[in-house]
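Peer 1: Now for the letters of each chain:
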Amino acid sequence: MHAARAKVIWSVIAWTIVLAVVFPLIWMIVTSVKPQSELFSIPPTLAPETITFEHYVRLLTETPFLQYFRNSMILAVTTTLVVVTLGTLGAYSLVRFKYRGRETLATLVLFTYLMPSVVLIIPLYLMMVKLGLANTLTSLVIAYTTFALPYALWLLRSFMSGIPEDLESAALVDGAGRMGAFFDVILPQALPGVVSTALFTFILCWNEYLFALVLVNSDSVRPLTAGTMNMLITAFNIDWSLLMAASVMMSLPLIVIFTFLQGTLTKGFGAGAVKG
Amino acid sequence: MAKVVFEKVRKTFGSTIAVDDLDLTIDEGEFVSVLGPSGCGKTTTLRMLAGLEEPTGGTIRIGDCVVNGVPPAKRDIAMVFQSYALYPHMTVGKNIAYPLKKRGVREPERSERVQATARLLELETLLDRKPRQLSGGQQQRVALGRAMVREPEVFLLDEPLSNLDARLRAHMRAELIELHRRIGRTMIYVTHDQLEAMTMSTRIAVMNAGVLQQFATPADIFHRPANVFVAGFIGSPAMSLVDAELTDPGSDGGGDGEGRFRVRCGALDVALAPGLLRESAAPAPVSLGIRPEDILLGSGDHSAAVGVVERTGHESIVRLDADGTPLIARAPGDTPIEAGETVRFSLRAERLHLFDGVTGQRLNAENR
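Each protein sequence line maps, in turn, to chains A and B.
Going by our numbering, 145 is the number at position 145 of the first sequence; the sequence numbering is gapless.
Going by our numbering, 200 is the number at position 200 of the second sequence; the sequence numbering is gapless.
Chain A with its partners taken away, still in its complex shape (with noise of 0.2 Å):
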């Protein structure tokens, strides 16, 4: 009895957090779908009585918000691939190789991600424009990288440190170089690592705004945070109905993305492999 109360209890509970959670999602998805003219009605209505689909259509036929998305795409795909390299190869250094200041050199890596990066944008936008790359998609690339990094070195370093060095021995002594030993057998044991180090600077990438308002000013290279903002909030109005369309759009890469990476993400590495 007090068991099967104490698991009702628990229920409620769980329950509670997850609407409060969901509850925005949901009132977002719904807004997207109201008319204009249910929007601000008295009482406001939890189900919509009529569905409609024109915000997204006005969003993606006569707002530049393809654009933004393109832009978005190319950015958080483009920093994503540079820091799962760098940091992989990286850390395998920081983990593998033995070279003087090496433990000095993972500590000043975890330093630069402990400064607030909002030091970082008025030197940053300054180099940029030295460069000729102030309002370029590149120079948001340069400028993500920065502080996905340092994070994407430590996670991959605990990831790789847990891979045991028995494995790589073997392989070189099957035949692989140390690229071969790398490819072949350390990577896919850092897999979990890799793609939660990938999934954190897309999600960054995708989701930042201040770098994104601060260095690029042109709609071309607009990504979608800025863009969306720059172009649906005035100083004299929201377009609440376009905004919250703009949301939901926004938010399906990455709700894709988590379902079919969910099982990698959780998935145990090199379980049984190795005893002793």
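Think of the hints as simulated: they come from the structure by calculation, not from any bench.
Computed from a prediction, not measured in an experiment: that's the story for all the values here.
Think of the CB as a built atom: it goes at the ideal place given N, C-alpha and C, for glycine as much as any other residue.
Please note: incorrect hints may appear among the correct ones.
[Claimed, not checked] So, partial list: chain B residues that the calculated Cβ filter (under 7 Å) puts toward chain A:
hint: 1; residue: C65
hint: 2; residue: G69
hint: 3; residue: A73
hint: 4; residue: A85
hint: 5; residue: H89
hint: 6; residue: K102
hint: 7; residue: R103
[What the hints assert, rightly or not] Residues of chain B placed beyond 12 Å of chain A at every Cβ, according to the derived structure:
hint: 8; residue: P37
hint: 9; residue: V66
hint: 10; residue: N95
hint: 11; residue: D158
hint: 12; residue: F215
hint: 13; residue: G307
hint: 14; residue: T325
hint: 15; residue: R348
[Unchecked claim] Lysine to any residue pairs mimicking SDA-like chemistry, simulated, CA-CA at most 25 Å apart:
hint: 16; chain 1: B; residue 1: K130; chain 2: A; residue 2: G180
hint: 17; chain 1: B; residue 1: K130; chain 2: A; residue 2: F97
hint: 18; chain 1: B; residue 1: K94; chain 2: A; residue 2: D184
hint: 19; chain 1: A; residue 1: K98; chain 2: B; residue 2: N68
hint: 20; chain 1: B; residue 1: K94; chain 2: B; residue 2: Q138
hint: 21; chain 1: B; residue 1: K101; chain 2: A; residue 2: G177
hint: 22; chain 1: B; residue 1: K130; chain 2: A; residue 2: D184
hint: 23; chain 1: B; residue 1: K74; chain 2: A; residue 2: V195
hint: 24; chain 1: B; residue 1: K101; chain 2: A; residue 2: T61
hint: 25; chain 1: B; residue 1: K74; chain 2: B; residue 2: H180
hint: 26; chain 1: B; residue 1: K130; chain 2: A; residue 2: V195
hint: 27; chain 1: A; residue 1: K98; chain 2: B; residue 2: S38
hint: 28; chain 1: B; residue 1: K74; chain 2: B; residue 2: D27
hint: 29; chain 1: B; residue 1: K101; chain 2: A; residue 2: L114
hint: 30; chain 1: B; residue 1: K101; chain 2: A; residue 2: D166
hint: 31; chain 1: B; residue 1: K94; chain 2: B; residue 2: L134
hint: 32; chain 1: B; residue 1: K74; chain 2: A; residue 2: R178
hint: 33; chain 1: A; residue 1: K98; chain 2: B; residue 2: L134
Since the structure of chain A is provided, determine the placement of chain B on it from the hints.
Peer 2: Same frame as chain A, now just chain B:
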């Protein structure tokens, strides 16, 4: 097949000397064990031969080639690791095929060789499993298979049996001896288990603190240990080693008039068998070594108090206290002996081991 030669090989990690001035020549087709306690440099020696560590000094040769600086992939060696180091994301079949794949062996030859190896090790039914789905013994066989499939010149085995239970270990020992007999390749086997080394090897290299102590056949290592360390390390239970004094017939009161040395330790005073010591032996402090089986309980000139008696069934290990000198004796399992008794015993004088009290080096004559 290939000969393996270490010449003045040295390896240091920072200020720690892992292997010091190692000279070792392993002949073609030999099964050599490198035996020693933890941290004696045996695994480092093996890793240097594999190319996983670069020696700080000296030369390593496999066959006629100096392999210093040659990457592991180019050394034509295979290694079985203590942890097995199977690739967790690959099936058993892919694990065994990996060395072939890396050396460009194409299908269908690759599959044929994997199948043949699997048949030899009775792994045919497991080829599609992942390593984590196998038992310890099966994983061990996969690791062996991965080493064998390529038919390398030299096999390196780093304590491959240490993770198995006692029964399986005894079984795998026999399997390895049989395997070596069948394929006849040079095998170098690192272990801290003297039983493995004694039963499987053609020769044993005993190491301690990075220094090679003795390199000889198991029989020589057992019967003619080169120094106090080898004497104390080999044999179970260990040889009793006591500080003693060597006296000779010429010096006053020591000899018995027949030209025989005597060795004295407290109440224990033994005349040595003629010719036991080398010519150069002179009266000095020595370490006297007595194997448990060379103490004959029941009658004799000496007496001792019986301490703990460990009965294993077929034998009894008896701890003795001969007037302050601790000794360990071996007796048949049914010997009627109890702790607290006083027993008489004699020593097989021709089987005693004497070592220099300062250097620890053996003082017995060449063949004794």
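Peer 1: Determine for every hint whether it applies to the structure shown.
Peer 2: Here is what the structure says about each hint:
1. Hint status for B:C65: violated, given a least beta-carbon distance of 17 Å to chain A, over 7 Å.
2. A cut of 7 Å between beta carbons decides the hint on B:G69: the least distance to chain A is about 14 Å, and the hint is violated.
3. Of the supplied interface hints, the one on B:A73 holds, with its beta-carbon coming within about 5 Å of a beta-carbon of chain A, less than 7 Å.
4. For B:A85, the shortest C-beta to C-beta distance to chain A is roughly 4 Å, which falls under 7 Å, so the interface hint holds.
5. Interface restraint check for B:H89: the shortest CB-CB distance to chain A comes to about 4 Å, inside 7 Å, so the restraint holds.
6. A hinted interface residue such as B:K102 counts as satisfied when its beta carbon comes closer than 7 Å to some beta carbon of chain A; here the least separation is about 3 Å, so the hint holds.
7. Evaluation of the B:R103 hint against chain A yields a held restraint, the C-beta minimum of about 5 Å falling below 7 Å.
8. The beta carbon of B:P37 sits about 18 Å from the closest Cβ of chain A, which is more than 12 Å, so the claim that it is off the interface holds.
9. At roughly 19 Å from the closest C-beta of chain A, the C-beta of B:V66 stays outside 12 Å, upholding its exclusion from the interface.
10. At the 12 Å boundary, the C-beta of B:N95 falls inside the reach of chain A, the nearest C-beta of that chain being 9 Å off.
11. A beta-carbon of chain A comes within 12 Å of the beta-carbon of B:D158; the shortest separation is about 9 Å.
12. B:F215, annotated as away from the interface, keeps every beta carbon of chain A farther than 12 Å; the closest lies near 24 Å.
13. Residue placement check: B:G307 keeps its beta carbon more than 12 Å from all beta carbons of chain A (closest about 36 Å).
14. Every CB of chain A lies more than 12 Å from the CB of B:T325, the least distance being 40 Å, so the non-interface label holds.
15. Separation of B:R348 from chain A is adequate, the least Cβ-Cβ distance of about 42 Å exceeding the 12 Å criterion.
16. With a C-alpha separation of about 21 Å, the suggested pair B:K130 and A:G180 falls inside the 25 Å cut-off, and the hint holds.
17. Between the alpha carbons of B:K130 and A:F97 the distance comes to roughly 30 Å, so the proposed pair goes past 25 Å and is violated.
18. For the proposed pair B:K94 and A:D184, the alpha carbon gap of about 12 Å is at most 25 Å, so the pair holds.
19. Taking the CA atoms of A:K98 and B:N68, the gap is about 20 Å. The hint holds against a cut of 25 Å.
20. With a C-alpha separation of about 15 Å, the suggested pairing of B:K94 with B:Q138 holds against the 25 Å cut-off.
21. A hinted pair counts as satisfied when its Cα atoms are at most 25 Å apart, and B:K101 with A:G177 qualifies at roughly 13 Å.
22. Taking the CA atoms of B:K130 and A:D184, the gap is near 16 Å; set against the 25 Å cutoff, the hint holds.
23. Annotation: proposed proximity of B:K74 to A:V195 is violated, straight-line Cα distance about 34 Å (limit 25 Å).
24. Proximity of B:K101 to A:T61 is assessed by CA-CA distance (about 54 Å); at most 25 Å being required, the pair is judged violated.
25. In summary, the hint linking B:K74 to B:H180 is supported, as the alpha carbons are separated by about 23 Å, within the 25 Å threshold.
26. About 22 Å separates the Cα atoms of B:K130 and A:V195, which keeps this hinted pair within 25 Å; it holds.
27. Under the criterion of a C-alpha separation no larger than 25 Å, the hint pairing A:K98 with B:S38 is consistent with the structure, at around 23 Å.
28. The hinted pair formed by B:K74 and B:D27 meets the criterion: a straight-line CA distance of about 21 Å does not exceed 25 Å.
29. The hinted pair formed by B:K101 and A:L114 fails the criterion: a straight-line CA distance of about 45 Å is larger than 25 Å.
30. About 19 Å separates the Cα atoms of B:K101 and A:D166, which keeps this hinted pair within 25 Å; it holds.
31. For the given pair, B:K94 sits about 15 Å from B:L134 by alpha-carbon distance, which is consistent with the 25 Å threshold.
32. Between the alpha carbons of B:K74 and A:R178 the distance comes to roughly 13 Å, so the proposed pair stays at or under 25 Å and holds.
33. At roughly 34 Å between alpha-carbon atoms, A:K98 and B:L134 are farther apart than 25 Å, so this suggested pair is violated.
Checked against the numbered hints given earlier, this structure breaks hints 1, 2, 10, 11, 17, 23, 24, 29 and 33; the rest are met.
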